[in-house]
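Dock chain one against chain two, each of which comes alone in its own frame, and use the hints as you go.
Residue numbers (the numbering used here), protein chains in the order written: chain B, 1 to 339; chain R, 1 to 279.
Calculated directly from the structure, the hints in this document are not laboratory data.
Just so you know, not all the hints are guaranteed correct.
[As the list claims (entries may be wrong)] Label pairs and their computed distance ranges (CB to CB): (1) Ala331(B) / Asn42(R): 48 to 56 Å; (2) Ile198(B) / Val134(R): 43 to 51 Å; (3) Glu289(B) / Val81(R): 36 to 44 Å; (4) Arg173(B) / Leu131(R): 44 to 52 Å; (5) Phe189(R) / Asn100(B): 57 to 65 Å; (6) Arg173(B) / Gly66(R): 31 to 39 Å; (7) Glu175(R) / Trp245(B): 49 to 57 Å; (8) Leu73(R) / Gly144(B): 28 to 36 Å; (9) Arg246(B) / Val179(R): 51 to 59 Å.
[Said to hold, decoys possible] With the Cβ distance kept under 7 Å, some of the chain R side facing chain B (calculated, not the full set): (10) Arg11; (11) Leu15; (12) Leu18; (13) Gly43; (14) Thr149; (15) Gly213; (16) Ser255.
[Said to hold, decoys possible] Residues of chain R clear of chain B, computed beta-carbon distances all greater than 10 Å: (17) Thr50; (18) Asp58; (19) Gly66; (20) Phe69; (21) Ile74; (22) Val137; (23) Asp223.
C-beta atoms are modelled at their ideal positions from N, C-alpha and C, and glycine is treated no differently.
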Amino acid sequence: MVARTTPHHDERRTAPPEGGPRPPGAGLHGRVVSRIPLRLRRLGLPYMLILPAILLELLIHVVPMLVGVGMSFLRLTQLYIRNWTAAPFAGLSNYQVAVNFDSAVGASLLHSFFVTVVFTILAVGMSWLFGTAGAVLMQGAFRGRGLLRTLFLVPYALPVYAGVITWSFMLQRDTGLVNHVLVDQLHLFGGDRPFWLIGGNSFAAVVIVAVWKSWPFAFLILMAGLQNIDKDLYEASAIDGAGWWRQLRSVTLPMLRPVNQVLILVLFLWTFNDFNTPYVLFGNAAPQEADLISVHIYQSSFITWNFGSGSAMSVLLLLFLLLVTAVYLVATSRRKSDA
Amino acid sequence: MHEPRWLPWARWFGLGFLALFTLIPIYVMISSSVKPLRDVQNGFSWIPTTFTLRPFADIWKTVPLGTYFVNSLIVASISAVASVAVAIFAAYAVSRYRFPGRRVFTVTVLSTQMFPGILFLLPLFMIFVNLGNVTGVELYGSRLGLIITYLTFSLPFAIWMLVGYFDSIPRALDEAAKVDGSGPLGALFRVVIPAAVPGIVAVTIYAFMTAWGEVLFASVMTDDNTRTLAVGLRGYATLNDVYWNQVMAASLVVSIPVVVGFLLLQRYLVQGLTAGAVK
Numbered sequence: 001m002v003a004r005t006t007p008h009h010d011e012r013r014t015a016p017p018e019g020g021p022r023p024p025g026a027g028l029h030g031r032v033v034s035r036i037p038l039r040l041r042r043l044g045l046p047y048m049l050i051l052p053a054i055l056l057e058l059l060i061h062v063v064p065m066l067v068g069v070g071m072s073f074l075r076l077t078q079l080y081i082r083n084w085t086a087a088p089f090a091g092l093s094n095y096q097v098a099v100n101f102d103s104a105v106g107a108s109l110l111h112s113f114f115v116t117v118v119f120t121i122l123a124v125g126m127s128w129l130f131g132t133a134g135a136v137l138m139q140g141a142f143r144g145r146g147l148l149r150t151l152f153l154v155p156y157a158l159p160v161y162a163g164v165i166t167w168s169f170m171l172q173r174d175t176g177l178v179n180h181v182l183v184d185q186l187h188l189f190g191g192d193r194p195f196w197l198i199g200g201n202s203f204a205a206v207v208i209v210a211v212w213k214s215w216p217f218a219f220l221i222l223m224a225g226l227q228n229i230d231k232d233l234y235e236a237s238a239i240d241g242a243g244w245w246r247q248l249r250s251v252t253l254p255m256l257r258p259v260n261q262v263l264i265l266v267l268f269l270w271t272f273n274d275f276n277t278p279y280v281l282f283g284n285a286a287p288q289e290a291d292l293i294s295v296h297i298y299q300s301s302f303i304t305w306n307f308g309s310g311s312a313m314s315v316l317l318l319l320f321l322l323l324v325t326a327v328y329l330v331a332t333s334r335r336k337s338d339a
Numbered sequence: 001m002h003e004p005r006w007l008p009w010a011r012w013f014g015l016g017f018l019a020l021f022t023l024i025p026i027y028v029m030i031s032s033s034v035k036p037l038r039d040v041q042n043g044f045s046w047i048p049t050t051f052t053l054r055p056f057a058d059i060w061k062t063v064p065l066g067t068y069f070v071n072s073l074i075v076a077s078i079s080a081v082a083s084v085a086v087a088i089f090a091a092y093a094v095s096r097y098r099f100p101g102r103r104v105f106t107v108t109v110l111s112t113q114m115f116p117g118i119l120f121l122l123p124l125f126m127i128f129v130n131l132g133n134v135t136g137v138e139l140y141g142s143r144l145g146l147i148i149t150y151l152t153f154s155l156p157f158a159i160w161m162l163v164g165y166f167d168s169i170p171r172a173l174d175e176a177a178k179v180d181g182s183g184p185l186g187a188l189f190r191v192v193i194p195a196a197v198p199g200i201v202a203v204t205i206y207a208f209m210t211a212w213g214e215v216l217f218a219s220v221m222t223d224d225n226t227r228t229l230a231v232g233l234r235g236y237a238t239l240n241d242v243y244w245n246q247v248m249a250a251s252l253v254v255s256i257p258v259v260v261g262f263l264l265l266q267r268y269l270v271q272g273l274t275a276g277a278v279k
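So here's chain R without its partners, still in its complex pose (with noise of 0.2 Å):
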């Protein structure tokens, strides 16, 4: 494409608007979490004056955080993992074989990832709690109820995005292992999932991120036992005093995982969210 001669211009404007406005926020996450308690609150100023790293020893008395995140790791890590192997196995479904009732799957799982959240929330808080008193299975307040819901609501884009992976995947190579006396299933193990071992990762990150992002469901399916850091981050804000320094400083701290995660994989996590999108 030629290039006018304001495009240099017009785009130091207007990347660089979109980088300030994404990254202050950031910047003002990270400046705050080292400032002393009586510097966030007598007023902002960007640059902090007093550095300390008395909040990110702080954070873990103010509220059980310790508890909050041993939680969501667990919560986000069974899930993640529960998730997509299950998505592996409907995925390979869906990629190789042309079955009846394979697009109604594909549509309808798919659909439900559009439905919004307050419409799932209030049946299956009943159910959960009635569950409970007939069968004594407590899935309410209980880390196992957390573990199934976050499972089904990454399973819609895991299989998705484990379709496209499997779909780049020459099928000459399952048809390699199926000669050498493989079953269908022995191609998955031997052949398939070797190869979409990046694109399995991915889809992995993506599930936990998703558990270990949730706000709705974790606010009402928990107790103080199972608490996770999406509902136990408020506790910061609810005390007289807000702690804004300890806030940013935990902020920091739960986001950590994720966005080193995200960004490691990032290629094959872009290549496996925009594949469907632009097909």
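So here's chain B without its partners, still in its complex pose (with noise of 0.2 Å):
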């Protein structure tokens, strides 16, 4: 799409002529709008338009952004937080001691940023798989299909802290569903309750959560996805004596290319900043082995108070996600124009 400096549409009708009839209410400020020239108005026209929606994402998205940048230049502890302006500058100290990984800030993030690493690719693989599968074996018509669809959407429906702190209940040690089954029930583990939200287990558990969590979203992607190729091929190919498998490989996936490539990046963003999961499942003390990086960011920010070390953390974090999801458009770019 190339923009155009002209807009589709003839407006001259929203100027009355000069000393026609105006319409009723166009007092004064009718007279000064009419005597701006009627291309430049038209022209300002989408500009009006999208003027609120730019000052609100400017007040909460651009400025906020660049002053946390700001902030990371300053020794921005306790005692400036009401009174930012007094702050000294830091330089690149919050920097750092933020990558100085034998210092015990420096360790504690990096390994926060690996367990965040490894939880990001097996929730969003298994969610991928999880949506995929789903909306695959939705295909063709059987009874209760349309019933099942909407279940499946119900936990993406559902506040996400309500359906969180029911599975914290499922997860604990002693009343919770989760050990009833595995223990009471299947007898494994030899009749010891595990803990599944400190330890260990707590990272299982938080994958698991994030998982049944964000995979009615891939499966809502790729349900819409799937209903957008086109039919002939699967004639076609089964014309040419392709199976069921075969068309999966060859038609189906490689249609649903294009809808990956998004929905993937969207998943990926979305796990490895999710916040919500971790602190509604484990509260304000996340277990080392679930240390997920916003979680690990944010207690360290208000626990010390000290924004300005907790803000060269976020524009690290910021960094990092910039440069994998550049690689991961030019990767997949890429390959797409070589097929």
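What follows is the structure, given as structure tokens:
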């Protein structure tokens, strides 16, 4: 799409001819407006329409982002929170502390980063797999299809905290469903009830809850993607003797490629940045094994009230995400043009 | 597509697994909310042995759930309506005009959706606190601060979805309105908006859901009087004895408005959410 400088439509009718009849209520304001050259007004209209959105984006997204970058260069400790202009310049020291992996702060940040990388790979992979399996198996007509489709979307519609808090009840050691099924009913773990929300199991717990919450989104997008595939392609490949698997590999998955390109990127960013799942699941004390990066930065900022170092960590996180996104887009687009 | 003979079995097994995975937490939420406290504390049971609606009465007393509910309702409704109002104008401009900066605008707005929330949290906290000190407009701890924040959070998707709906309305209808003497805004209000009502309602529900479910900013930007459900629900868990039956009852009660809204408008929401991704 090429941006053009003139709008598609002729709005000459918006300006009543000079001296002609005016709509009621067009007083001084109307007269002033109509003196502005028509061309200029026509050009200006789209900008007037997007202005409120731009102002809000500036106030809540763009300015805070720039302020955040600025804060990362300040020694912004508790003393200066209410009077930040007095905070001393810190140069790169916030960054040096964050990436000094011999120090406690840097080492725990690095640990949290690796935990988050593994968490994201597992959660995105499983969400995509579940979404794809669900969408592919939903193709064709069978009884209860509409009902099932609606049910699958419920975790997506549920407020995050309501769903995750239910999981935290299910994962309780003594009163939860998970140990009831695994220990009481299946007699696993030799009768010992494992902890799920502290220790090593907490990592598995947070992955499963994240998948539960995000696979319906993958399902939703892939269902729509499947509906857009030309049915003739299946007819043609069937005539060529392709079976179900062959069609899945040679028609369905290649045709879903553009959808998957966007879907996996979105899932990756949402999962990597996920704050709600670990925060609601573990409360204020996230276990070491499931110390995801958003909660890590949040806790290190609000426990120490050192916003300078918290901002430096956030900026590093952003740089990492931008790098991954750029590499991902270049890599997936190149492969697409090779094909 | 020709279905092999094993496909119905694979379907039964695969979809059955996904259905169980999806529904077990919902079943736990509902079945535990009608158990007395003694039953949820004595270990899990699939079938409630004693049925009681007491938890649904008690949830309002254990924590000030009513206050949280009203706060969430105010914040989510105002921010949803305001967000959609702002998005309608922006989406109309993007859908009907080609102007320099159009692409930059849409790409920038959409990409902010992808940035980590934690990146905005600290600066926004600082801006709100210091703005209060300088101007006396207390945004920190106030509903207004939360409303502005949430309204902006739902803006990118609201614009994106509305552009999709508006694009599907034939331009010939706008032209007809203009021939009848309406300006571009007249065409928007008399033709485009009435034709997009289902889409606009769906987007409003989406914006409401976004605000209703937000946790991170709610946990930092609110005080005792303005606390929303997202934070308030954790109040049950900080007590010495966790009243899990009440937690489940409260989760159920706070979920009903959004789940019902979502399911009623499912068709329009799904259409709007997926339009951009599959194009």
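How the hints compare with the structure:
1. Look at Ala331(B) against Asn42(R): about 54 Å separates their beta carbons, and that is inside 48 to 56 Å.
2. At about 44 Å, the beta-carbon gap between Ile198(B) and Val134(R) stays in the expected band of 43 to 51 Å.
3. The beta-carbon spacing between Glu289(B) and Val81(R), approximately 43 Å, falls within the hinted interval of 36 to 44 Å.
4. For Arg173(B) paired with Leu131(R), a C-beta distance near 45 Å keeps the hint of 44 to 52 Å intact.
5. Between Phe189(R) and Asn100(B), the C-beta spacing of about 59 Å keeps the proposed range 57 to 65 Å intact.
6. In this structure the hint that Arg173(B) and Gly66(R) lie 31 to 39 Å apart at CB holds, the actual value being about 32 Å.
7. Checking the proposed 49 to 57 Å range against Glu175(R) and Trp245(B) shows it holds: the Cβ atoms sit about 51 Å from each other.
8. For the pair Leu73(R) and Gly144(B), the beta carbons lie near 35 Å from each other, so the given range of 28 to 36 Å is met.
9. Taken as a hint, the range 51 to 59 Å holds for the pair Arg246(B) and Val179(R), whose Cβ atoms sit roughly 55 Å apart.
10. Using the Cβ-Cβ criterion of 7 Å, the hint placing Arg11(R) at the interface with chain B is satisfied: the shortest such distance is roughly 5 Å.
11. A cut of 7 Å between beta carbons decides the hint on Leu15(R): the least distance to chain B is about 5 Å, and the hint holds.
12. Given hint, Leu18(R) at the interface with chain B, holds; its Cβ is 5 Å from that chain's nearest Cβ, closer than 7 Å.
13. Annotation: Gly43(R) was flagged as interfacial toward chain B, and the flag holds, the nearest CB pair being 6 Å apart, inside 7 Å.
14. Interface restraint check: Thr149(R) against chain B, minimum CB-CB distance 6 Å, threshold 7 Å, status holds.
15. Restraint check, Gly213(R) versus chain B: the minimum CB separation of about 4 Å is within 7 Å; hint holds.
16. A distance limit of 7 Å between C-beta atoms decides the matter here; for Ser255(R) the minimum to chain B is near 5 Å, and the interface restraint holds.
17. Here Thr50(R) stays apart from chain B, with its beta-carbon at least about 16 Å from theirs, past the 10 Å limit.
18. Non-interface call for Asp58(R) relative to chain B: holds, since the shortest CB-CB distance, roughly 16 Å, exceeds 10 Å.
19. Distance to chain B confirms Gly66(R) as a non-interface residue, since its nearest Cβ pair spans about 17 Å, more than 10 Å.
20. Chain B leaves Phe69(R) outside its interface by the beta-carbon criterion, the shortest separation being 12 Å against a cut-off of 10 Å.
21. Residue-level check passed: Ile74(R) sits 16 Å from the nearest beta carbon of chain B, beyond 10 Å.
22. Even its closest Cβ contact with chain B, about 13 Å, leaves Val137(R) beyond 10 Å, as expected for a residue assigned away from the interface.
23. For Asp223(R), the non-interface assignment is confirmed: its Cβ lies about 15 Å from the closest Cβ of chain B, beyond the 10 Å cut-off.
Of the numbered hints listed earlier, not one is contradicted by the structure.
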